[in-house]
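One line per chain: the protein sequences are W and R, in this order. In this text, residue positions in the first sequence follow full-length UniProt numbering: the first is 1, and each later residue adds one. In this text, residue positions in the second sequence follow full-length UniProt numbering: the first is 1, and each later residue adds one.
Treat the hints with care, as some may be off.
[Claimed, not checked] Going by beta-carbon spacing under 10 Å, a handful of chain R positions derived as facing chain W:
hint : residue
1    : Arg69
2    : Ala77
3    : Ala81
4    : Phe84
5    : Tyr89
6    : Ala90
7    : Phe92
8    : Asn94
9    : Arg95
10   : Glu103
11   : Thr107
12   : Arg111
13   : Ala138
14   : Ile156
15   : Leu162
16   : Ala224
Hint data in this document are derived by calculation from the structure and do not stem from the laboratory. A virtual CB, placed ideally from N, CA and C, is assigned to each residue, including glycine.
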Amino acid sequence: MRALDLDYMLGLVPVILGYVPLTLFMAAVAMVCALILASLLAVERVVRVPGLDWLVILFISFFRGTPLLVQLFLFYYGLPQVVSVLTQINGVTAAIMGLTLHFAAYMAEAIRAAITGVDRSQWEAAQSIGMTQGQMMRRIVLPQAARIAAPTLVNYFIDMIKGTSLAFTLGVTEMMGATQKEASGSFLYFEAFLVVAVIYWIIVEVLSQGQKQLETRLGRAFAR
Amino acid sequence: MIRVRGLTKRFGTTTVLDDIDLDIADGERVVVIGPSGTGKSTLLRCLNFLDRPEAGRIEIGSVSVDAARAGRRDILALRRATSFVFQNYALFANRTAKENIMEALVTVQGRSKAEAEARAMEVLGETGLADKADSYPAALSGGQQQRVGIGRAMAIGAELMLFDEPTSALDPEWVGEVLDLMRRVAERRQTMLIVTHEMSFAREIADRILFMDGGRIVEQGPPADLLSSPRDERLQRFLRRVG
Ligand SMILES: Nc1ncnc2c1ncn2[C@@H]1O[C@H](COP(=O)(O)OP(=O)(O)OP(=O)(O)O)[C@@H](O)[C@H]1O
Ligand SMILES: [Mg+2]
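With these hints in hand, go ahead and build the complete structure from the sequences.
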């Protein structure tokens, strides 16, 4: 047993904090893209477009059925060998793509379940006033599904933030990559990884506070 | 003018609506009565395609639809010519009372927000709920929700208003206020087709009562005739039962 090098740890904090924006950037962009993609996939799964349904099922099955790390390697190291336009792709872009597709598959299932959880009478009321399918989905069903799915989606966002740490395997210097570099210089692995762990933890805790506020806001219409 | 010819609806192998013919004059108020499971709700739901009939022709004002061949546009046109009041109110849970009424005006009829809002406030005034404009459905009593539901259907200005047992889900204390509102709608000679078990209300409001049994209109006529001297034995039995 040796004592922790606290001075080293304190010195490391601002260094790693400097990479928080990149981590949040990757997670935020991937989250927005994944939400849009997942909503489209979920709506397709509910209305079942003939000829498209099997493709969506296959997509969801593949991206849920394989590890995120494998998918990232496939995009970053594998695909450029087959598809030449992708040789330009950098690690950050590949990570965002991978996170987007991977989490879209999970979120699509959560959103699909939420859509089916919206009371039948809501669909019928929308149809009875002559709304088109699209209007009904956009204005009545999806907003109510959002409330049902919100807790699950926030959990995926938290997973996604932690998932950005895998970008370091694609050569991206984000929080994890920076920590790894620092640690291999100082050999103080425990201290370094403890610091980065606590920083991830704090980010997630702050988000969990936001989650409560989001749920209150989305639940506003349903409070008595 | 509403003309229905040969309307037929099956669920699987059971025929729920059996070749229904029905004419309703402009401003006429028609009440449908009959035992449970005889297709009263299905008739109303088929008229605005919440259930898709297998066969028949439905004409409502200028809209004419052949059920067997109806496409997306036909269905939307028919729905826009009718409005529906649900037994369980079915207010949009994510919209306030005012927004519930505005929704069809803005999204479906393409009116401006300001115009729709003015119309919604006017309708809320008529339903006696102006002070609840910004309340969400969850915060309203059953009676208030159903009055908003009727307001939503009124505001559309549809050729035909359909009411499917609008008071059946209500606690007895709220039934009166909903029936009062329906009386006011009826006074404007709005064309209405109403399913209800409130016999005294039916007698009072209806120009004509239809008695349905087994997916058919068995007997029809003005309330005075139909209720005091029923001819069909099934209607006699039904009236004995409901008192
Ligand atoms: N979606 C459905 N699938 C299968 N059968 C159905 C469906 N909807 C209605 N039915 C059947 O159709 C018949 C007519 O139902 P409907 O709801 O129109 O009756 P109703 O006259 O409105 O009865 P109530 O007075 O109980 O409301 C019933 O036998 C019912 O079981
Ligand atoms: Mg019924």
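Review point. Holds or violated: is there a CB of chain W closer than 10 Å to the CB of alanine 90/R?
Key: holds (4 Å)
Check your understanding: With 10 Å as the cut and Cβ atoms as the points, is arginine 95/R at the interface with chain W?
Key -> At 8 Å from the nearest chain W Cβ, arginine 95/R passes the 10 Å test, so the hint holds.
**Study point:** Status of the asparagine 94/R interface restraint (C-beta, 10 Å, chain W)
**Key:** holds (5 Å)
Review point. Does the interface hint hold: is phenylalanine 84/R within less than 10 Å of chain W, judged Cβ to Cβ?
Key: holds (4 Å)
**Study point:** Per-residue hint verdict: tyrosine 89/R, partner chain W, C-beta under 10 Å
**Key:** holds (8 Å)
Review point. Should the interface hint for threonine 107/R be scored as holding, given a Cβ-Cβ cut-off of 10 Å against chain W?
Key: holds (5 Å)
Check your understanding: Minimum Cβ distance from alanine 224/R to chain W below 10 Å?
Key -> violated (33 Å)
Review point. Taking the closest Cβ pair, is alanine 81/R under 10 Å from chain W?
Key: holds (9 Å)
Practice item. Report holds or violated for the interface hint on glutamate 103/R, using the least CB-CB distance to chain W and a cut-off of 10 Å. Key: Since chain W brings a Cβ to about 7 Å from glutamate 103/R, closer than 10 Å, the hint holds.
Check your understanding: Under the criterion of a CB-CB separation shorter than 10 Å, is arginine 111/R in contact with chain W as hinted?
Key -> violated (13 Å)
Check your understanding: Does the interface hint hold: is arginine 69/R within less than 10 Å of chain W, judged Cβ to Cβ?
Key -> violated (19 Å)
Review point. At a threshold of 10 Å, is the proposed contact between alanine 77/R and chain W supported by beta-carbon distances?
Key: holds (8 Å)
Consistency note: the structure conflicts with the earlier hints numbered 1, 12 and 16.
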